[in-house]
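> In case you want the letters, here they are:
Number of protein chains: 2
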Amino acid sequence: MDTNIVHSPLDGDAIKQAAQSISSDEMTLLDRYWRAANYLSVGQIYLMGNPLLREPLKFEDTKPRLLGHWGTTPGLNFIYAHLNRIIVRDDCKVLYICGPGHGGPGMVANTYLEGSYSEIYPEVGEDLAGLKSLMKQFSFPGGIPSHAAPETPGSIHEGGELGYALLHAYGAAFDNPDLVVAAVVGDGEAETGPLAASWFSNKFLNPVRDGAVLPILHCNGYKIANPTLFGRMEEGELRSLFEGYGYDPIFVSGDDPAVMHPLMAATLDACFARIRQIQKDARESGKAGEPRWPMIVLKSPKGWTGPKEVNGKKVEGFWRAHQVPITDTRTKADSLKLLEEWMKSYHPEELFGEDGRLLPELKALAPKGDKRMGALPEANGGLLRRDLDMPDFRDYAVAVPRPGGSTAEATRELGKFLRDVMKRNEAHKNFRIMGPDETASNRLDAVFQETDRVWIEKRESFDESLGENGRVMEVLSEHLCQGWLEGYLLTGRHGFFSTYEAFIHIVDSMFNQHAKWLKITRDLEWRKPIASLNYLLTSHVWRQDHNGFTHQDPGFIDHVINKKADIVRVYLPADANSLLWVADHCLTTWDRINVIVAGKQPAPQWLTMEQAEKHCQAGIGVWDWASNDEDGEPDLVMACAGDVPTLEALAAVDILRKYMPELKIRVVNVVDLMTLQSHGEHPHGLTDMAFDALFTRNKPVIFAFHGYPWLIHRLTYRRANHNNIHVRGYKEEGTTTTPFDMVVLNDLDRFHLALDAIDRLPGWRNQSGSAVEYCEAKLKEHKAYVHEHGEDMPEINGWGWPYGTAARTGD
Amino acid sequence: MDTNIVHSPLDGDAIKQAAQSISSDEMTLLDRYWRAANYLSVGQIYLMGNPLLREPLKFEDTKPRLLGHWGTTPGLNFIYAHLNRIIVRDDCKVLYICGPGHGGPGMVANTYLEGSYSEIYPEVGEDLAGLKSLMKQFSFPGGIPSHAAPETPGSIHEGGELGYALLHAYGAAFDNPDLVVAAVVGDGEAETGPLAASWFSNKFLNPVRDGAVLPILHCNGYKIANPTLFGRMEEGELRSLFEGYGYDPIFVSGDDPAVMHPLMAATLDACFARIRQIQKDARESGKAGEPRWPMIVLKSPKGWTGPKEVNGKKVEGFWRAHQVPITDTRTKADSLKLLEEWMKSYHPEELFGEDGRLLPELKALAPKGDKRMGALPEANGGLLRRDLDMPDFRDYAVAVPRPGGSTAEATRELGKFLRDVMKRNEAHKNFRIMGPDETASNRLDAVFQETDRVWIEKRESFDESLGENGRVMEVLSEHLCQGWLEGYLLTGRHGFFSTYEAFIHIVDSMFNQHAKWLKITRDLEWRKPIASLNYLLTSHVWRQDHNGFTHQDPGFIDHVINKKADIVRVYLPADANSLLWVADHCLTTWDRINVIVAGKQPAPQWLTMEQAEKHCQAGIGVWDWASNDEDGEPDLVMACAGDVPTLEALAAVDILRKYMPELKIRVVNVVDLMTLQSHGEHPHGLTDMAFDALFTRNKPVIFAFHGYPWLIHRLTYRRANHNNIHVRGYKEEGTTTTPFDMVVLNDLDRFHLALDAIDRLPGWRNQSGSAVEYCEAKLKEHKAYVHEHGEDMPEINGWGWPYGTAARTGD
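Those sequence lines, one after another, are chains A and B. Residues in the first sequence are numbered consecutively from 1, following our numbering. Residues in the second sequence are numbered consecutively from 812, following our numbering.
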């Protein structure tokens, strides 16, 4: 490193000292604000009437179904109130990431108190009626979900599956130099794999150009029914762990609000001062250094300020506080009374005025306007999204003098295009590429002409394409790539994630959560569209030469299309020009998840750019240069989707045309997989008439498919000709072998495809004898050859499309 | 804690001192052994002839396709040789987990050198011909894959996807008190989420009853094209991190073999001594304590002993050494020469005799018999598997006086059965239950009558069901649960993994890898069957009352059935007695992955145990007590799979029978989803004749399904009556709402099902008017009711099957 900014660790004793000089009046006010948030949180879980308890609480004031999570909520409220204090004082931008998403009542309560909630949802106003609505709607049919959710103002982080809070926080902080992201991580969540690795995100954050992340480990000691690992670790062990992760941890521990408030205030003062100091040093020197960012370990009781005991069993400070500490409030008078006492312990009369509004001296503690955490534009990234400045993808066209007449590596061509996307948007700092150590392996390395991999740790003289200002993010974790990208997109930027096809399953569940987020936001007018999440799945199932069986799984697309049709898209471009069109298209879409599957190996090219544009725009079409049905009714449809299957399908057509020249074959290529679905099921789905026009209503269809074959059946089962569609694809057979042997193992090779076709053409049997003989002989020959030579027969790799001599603009 | 065994950290200086007194003769011999392994590793990647280079190397001696990973291999070989030394000296059992699975050539080379390889594969004998076969077969068509794989003796850990090495190691060590598992973790792998969290596995290892894990972080500094994060961290930071994780880290760093050998030997001496001391102390006291287990950080160059530079570019000690350092050995004389020099630098003439056998003085360094790591029975767990001693599941039967005549929580009943499985096998210490903090939430808490949750950290007086001898493993990480269980099963034991349905997607990719492992082992005669991996997916999509949309995803079964038919099974028992049968069945199977989906909420019970047995044995069948087709041809088939869909289907039948008493309805319930597939596609698939007998060839079928509806289409598209099958299931609609509102949102409720049926019965239209009216009115009434009251109409929850008065043994 050229420079290394060294900071002595934050001094816990000095912070305790400073806490004593924090104004007690200020803390008293802040405590009241916290009580208001806690009161509203409990109210949301329990009440559907009598919101300020101005009448004696009755059974029917409480909800019939008590759903929600109290345990984490008071801690979340505590942090929120203290962050407000900093924001007001410094007029700074803070994004709150609520890792313990079950604490939904807290996030809703706080955005309501600061006024951002009612601005978005005027039906939940700042008055008595609004208070009642606020409480009733929570976890109530037709109301709002129990977690922090897309519906929650200020949130970019759904409280669904745990593990991604810190990743979303870092994703938000990248290229947002003025933003501090306060990332609250539950100590349950901290046990997950993705969270455990995501502490290392600090090694990818450059204080010169990025914002800051302040992790707050909310250590309340318990999960649903267990202690947490972190809750039982000694302070020294925790300190050692977080120092090892590269942070400077500060502990805020206790259960007495009178002590905890000034301590938290002084701690946040110190942390924010340290953050500003790191940023100042780095920005003045122009060097990232290797800063030790502060983090906070907040140890407070689970269900803090809630009932200590219920029915003689420990609740506060134990896992029984996790969800609903008191049940049966509709049937048991004791329970009802306990609830009333609990709620009254917050003294609502000291918090809300006659009209139900938060008292002015408390309201004054909240930030104003866009600085309110519920109104922060970064938390509604669509507001800030600016379209990418796109180069013309046609400028990257691969010359295709005739179909099969040139060879290219599709992803390598894409790399040049992405390089220039990077270049044209450099000034806007709103585009990043993610990949688990595979950008170069996936042959997108042209981007390194324009930018580096982000690397903040030590660099060596012999390193290549590493730099603290890089815009390519590589780490050996699909979880980290996905989580960072989500955070980056959700705050209004763009990105592209390239990865090995098989291992994208690692983030299946993260994909689910993001798709669900998008589905909900589509119905929220106030949430503006964000850039689509774009996956390039490459190093795909058919070309795992180095790796073999464990690296073969084309099932991610099966997983993807379980999600809502208006969210997901799957593209299988068969050559480089098609890939360029698809990538350009995907980068200009919004609120979608686009999956592109394309190979990286040298392969024959089929379409000129002009042809590719027409073909990809349609998403599916007849390749008339490969067909001999002369626009009449074919005897056979040979369909294909994916680069390797397209090659094999065309080679099969070649065999059939040679041996059975009378046979009329139509070749249909599919780029946009969604075209196969019924029009009623997916907006890209062909109408039945259009489908029948391509696939006929009664002729045999041989379909060479990239993925698991039944996916095609699932997509087409409603089509008239479905019973005649015979699909070949990956059937879970593979090992480390040659590329052609891989397709042979799965019956997807040209010889099997030709034999399949002949099988389904009973009327042609007398003309097909020598074709059958040829294919069977070739399969035998292949097997013997590869076992002896360890490579494919030269005629396999040397095969080229023998028909057509000039580029045509067909389709 | 009652006791706490404190050990001072291992002393690095003392180890360095001890290294100086290690016999240099011993180290010289050991170095030769290492060279032999390195030589054979390079030979596997490059050669197909001339294995000992006794002729000048020719182009055609090298392989046409160079596939494999050199970079990690010399380090793996180094560790293997040193572990051999300990095993021979102590006559102990060590299992080698090769995290960097790309180092396949190293694992194969070492098992070949020790003789275990040739015992399993006599065609690769310990002679010149065997050497040639050994080299040629690697990454060659018809040969062996490039990774450590099921084919590799001594391996329980496929080198596919990265991240699970340490989890497999701990899983193997649990309940194996005499075993030391040496877990080599690559520094690339160490960046993954699952690996980052799995260091905490030490908090679940009890030295009294479990074996030991010795993690060895193989820090060679580079991934495919990047430095590793760990490779660039300072030693102090690494030390702090691993101390925070609870380990006692020792560093072995360098590149000079003469220095590294004695240092590694002394380090292993110290680590094994420490392990034995911890175990002795714990076993004598009977208390686990909170031991700080040793771990090793081995920092050595990537591609150690390989070419320093190739074409003027740095290779050894850089990422260029990752795969194949020298290419073009078939075409470029310079490359060929470089390869020859490299291989000769190991001096094969000092390693192998005239006959091609390893020289006797080197052979003597390897352990003997079952102690060879390639022959360790624990690494072929099927050899050690003993069937579980099963209680009679019939003893746990829920009384069902008539269909719908009793209520039970299915998983709670299962919990009692599992409790007794636990009890009966306690002495054999071969059964564990895994769950991410959800065993009680999933209502299996009866098991806590018999055992605790494993907890080695500090315990408090108010803790419940925590203990160091517990056999339930809970941690908030599906990755950890899955990885431990895999390791446990692969070493010959049994287990059961219960989890929330939506979040099992977190381990989609781990499931893939395990399914692939099982698929391969089925063809390896020497690998004996291991116990099946059993999932219980509960807290399922239809009952996410507390959680809502993010917790709703029934797609794991879609994912599962992409794998080989003879490996996977999916069961959807509709009531408690069915669940008991299914669980009993699954726990007695082997080499499978069984997925059981069952709810935990109170629900009506349908089958007596006698009925359930017959029904589940068949996997599918007519519920004649619910049907009125009287064994004739029905007008309508109402099919169902899953507990909630079964309830709704029966309620729909009730409506139809009331309003259209003439209509002949057949109710078909599916427990074993695989029965729906064609017999040719799955061994459990019904023949077409059997399928048609149930579903008819031409009558409308309404299918109420637990999961995504198209899965049923995918399974049945080849069936004669497929076009008449209309499926309802989850279509990605949901929020926090009432249980019945959830089915309504997805059109899976009784009213929609009845309306669907009527829609498909055009001939009955004139008789169905009032049924339509009734259903439509009820749907409106429901919506209004839940929005006002926040709970379902009493008639919904109160509905019971009104027909049939006594239990019958139907089917």
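No lab work stands behind these hints, which were simulated from the structure alone. A couple of the hints might just be wrong.
Unchecked claim - Label-pair ranges, simulated between beta-carbon atoms:
no., chain 1, residue 1, chain 2, residue 2, range
1, A, GLU235, B, SER1064, 28 to 36 angstroms
2, B, ASP1145, A, PRO802, 48 to 56 angstroms
3, A, LYS664, B, ASN1577, 48 to 56 angstroms
4, A, PRO602, B, SER1064, 38 to 46 angstroms
5, B, GLY1065, A, ARG276, 40 to 48 angstroms
6, B, SER1489, A, PRO602, 32 to 40 angstroms
7, A, PRO602, B, ARG1087, 34 to 42 angstroms
8, A, ALA14, B, SER1064, 51 to 59 angstroms
9, B, GLU1606, A, ASN311, 50 to 58 angstroms
10, A, GLU26, B, GLU1606, 39 to 47 angstroms
11, A, ASP566, B, SER1489, 50 to 58 angstroms
12, A, PRO9, B, PRO1340, 50 to 58 angstroms
13, B, GLU1161, A, PRO9, 19 to 27 angstroms
Claimed, not checked - Just a few of them, taken from the derived set where beta-carbon distance is under 8 angstroms, the chain B residues facing chain A:
no., residue
14, GLU1048
15, LEU1199
16, ALA1219
17, GLU1261
18, THR1262
19, ARG1264
20, GLU1587
Heads up, the beta-carbon is just placed ideally off N, CA and C, and yes, glycines get one too.
> So which of the earlier hints does this model not fit?
2, 7, 8, 9, 10, 11, 13, 15, 16, 17, 18, 20
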